[in-house]
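Here the protein sequences line up with chains G and V, keeping their order.
Its first residue numbered 0, the first sequence is counted upward by one per residue in numbering that gives the first Met the number 0.
Its first residue numbered 0, the second sequence is counted upward by one per residue in numbering that gives the first Met the number 0.
Everything labelled a hint here was simulated from the structure, so no lab data went into it.
A portion of the hints provided could be inaccurate.
Which stretches of chain G does chain V cover? Using the computed rule of at least three CB atoms under 8 Å from a CB of chain V, they are [what the hints assert, rightly or not]:
(1) 98 to 111
(2) 154 to 162
(3) 340 to 352
Glycine included, every Cβ here is placed at the ideal spot set by N, Cα and C.
These are the residues of each chain, in order.
There are 2 protein chains.
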Amino acid sequence: MARPTPLSGFPEWLPEGRLVEQHVLDVLRRTFELHGFAGIETRAVEPLDQLLRKGETSKEVYVLSRLQEEELDRTAGLGLHFDLTVPFARYVLENAGHLAFPFRRYQIQKVWRGERPQDGRFREFVQADIDVVGAGALPYHYEVELPLVMAAALGALQEIGVPPVRILVNNRKVAEGFYRGLGLDDVEAVLRSIDKLDKIGADKVAALLVAEVGADEAQARACLALAAISGSDEGVIDAVRALASSLDVSNELLDEGLAELGALIRAASVRAPGVVVADLKIARGLDYYTGSVYETVLVGHEQLGSICSGGRYDTLASDGATTYPGVGLSIGVSRLVSRLLGAGLVRASRSVPSAVLVAVASEEDRDRCDAVAATIRSRGIPVEVAPSAAKFGKQIRHADRRGIPFVWFTGVDGAPDQVKDIRSGEQVDADASTWAPDAADLWPRVVPAEA
Amino acid sequence: MARPTPLSGFPEWLPEGRLVEQHVLDVLRRTFELHGFAGIETRAVEPLDQLLRKGETSKEVYVLSRLQEEELDRTAGLGLHFDLTVPFARYVLENAGHLAFPFRRYQIQKVWRGERPQDGRFREFVQADIDVVGAGALPYHYEVELPLVMAAALGALQEIGVPPVRILVNNRKVAEGFYRGLGLDDVEAVLRSIDKLDKIGADKVAALLVAEVGADEAQARACLALAAISGSDEGVIDAVRALASSLDVSNELLDEGLAELGALIRAASVRAPGVVVADLKIARGLDYYTGSVYETVLVGHEQLGSICSGGRYDTLASDGATTYPGVGLSIGVSRLVSRLLGAGLVRASRSVPSAVLVAVASEEDRDRCDAVAATIRSRGIPVEVAPSAAKFGKQIRHADRRGIPFVWFTGVDGAPDQVKDIRSGEQVDADASTWAPDAADLWPRVVPAEA
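Chain G on its own, in the form it takes in the complex (with noise of 0.2 Å):
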């Protein structure tokens, strides 16, 4: 077999790596149990008619077939889920009488897009996902905590390395309302529009509000000066007040909005100061979210996209006689974990678990090697024995290699065992039933590349 290649877009990491993004999943998961979220994994796997619903993302489904069928039955079939809201939706119907509502799960699991891979898109990516869920109705306050867990949980990772990140908030009732209110009543078309605004500028989302949306030219300033409002106090809610007042517009949706944007603002600013900031530009998703809809950048990454997205749905999903909605986010750790390798940023102190290295001076002395390390593991260390008994100074260089910082010598004809710190070169009498390394050295840590 020659050496394979990387398959484009199906990311893999080193062990050292896989210690970086390993540690991030930790992080996320500890803080989601934190706040009292629980763990479910669905299967990989959803009935093609299912995965197919949205039909937007039809072209982006892995279609799965066993090779011995000797046609495609594509109606027949199974796909990979492209995301973890759909098959939560389905778990959620399928188990509604053993699950208690609210229910507020995690879910951290790959997910598949057949997509044309590019910088920070993967066909295959682990997602974080955090959702709560009601059965009938659900209060608007998880949508403010919602994205605060998720501001706990990113800012978890600052120490780490991870840069600060910034969460873009919006309501898809202050849009509504304000385009309605100006008379525009085709509001998906008019947020087509304005999602294109950093990509072709403000002049020519004028002209297509115009000419697309049937908009006169004051109304298509009026819909930019919205887009224009963002901030992180709740200045922000006066400014589309003052806005709307000037315009004389004026609807029940828009203040609706505006009371859910500004208690967002106000809790955010006591809970998570400087990390969330109303974007009244923020348009995507708003065609199938209902209310509050988040985005969120990794400062001084801005142009990798967002990292970490969702919404509030009011039909998450439904069975006919009770409708579950829900607000969740999701983070693209695969994204954030690429580009923290990618970039430099994080790295891990060593390549292994192991501490400790028990060198062997003798295969006949393996037995007692391998009795030394039971012993220093039966406390919690992570350990390992040599692989052969080379030269001492080889087995210390496998050790190097590794990032172990400690070589154990059993001792000979009574003599005590010793334990040398590579690093320094220290070496000192040690009993494996009660040495311990420094608590910085038990464990591989991840750390900001530069410490």
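Chain V: place on chain G using the hints.
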């Protein structure tokens, strides 16, 4: 959407079941890391030509296609991996220049097989693998170490109610040397017949050996006599030697295999007494393994089949210039967890992470409740805030349904906060910045079901 029904062969667990599975995975991971194994993950897909190199598994592979492809082009395609060995071999070749050998790795991931689902056999399941792979050579002592790591990992699960395991070991060299010494050179044909012992019995296997391998009656009886030998001490080795000697069978490979098997039994009797049993009829896998081979049964659940199998390959991978021998074992985690849950052996102490529910007296008071929760959480205590300002009785039932042991009441008008243990009904004054639950209540525990 009507209520969906489960897909046969794709197991999913309710949150309580997932807690059990997650705990099993955490224990395995920790044990592997304490033994110095580095974690990796590989992508879910491999090129089909790689997956189909072993003809016998071809029928089990799920092939991927993208929805917009007009026809299924299987030669160009990708398939889902059906084990973690094929991807690991590819990973080793692809990254050989960046890995330090011998390379100790663990890998815990889902795999997929398009099999007919049946009890204990799934189409999607989690495997937990450990392997050591060398560049060019790999000393025998790893064949002793790896089953003992698995014995430690599975043994660590006994405290949550997992039955003890028995690891059955054999050695390809013993079987091959013995058969050749007897004059039977079609070793794989002999093994195929012996493999049917449990199904068809000794007399029919003897008849098969005569009819299909060309053995005479005495040779057939000798093969059966070897297969009948088992035991957990070195008496097994003596029994094989006595049998060979009585038949005038002498073979170098046999001697080498017996020395290896003896070393394994000897080390196991010290490091995992009573767990490892030499069983000379273990034939499965002997056609591609080249040394030790392992199978593992749950004591009392033998009919479930092996939950942890593996062995030694002289050629795990090869790029022409270098051959990479390996030895490893793989735990069928889904098979194990499915039995633990299905047989009611293990349970979680509650269904959600939260140790505390903060009750909400009125929605105006929610901000204060969120602040109290944040204070409690900042000290590593999982906590959530009640979904609504319902009557306290209803909020307590909300906690009770989820198994949350404590309900927190914020004090009004300067009165101290109080916390209620809803199991005992005891309610005491408490300070969010100092109160902590008993360690046993801090996180959900996974325990034997009778506890």
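Hints, one by one, checked against the model:
1. 98 to 111: holds (count 7)
2. 154 to 162: Contact hint for the region 154 to 162 of chain G vs chain V: violated, 0 residues under 8 Å.
3. 340 to 352: holds (count 3)
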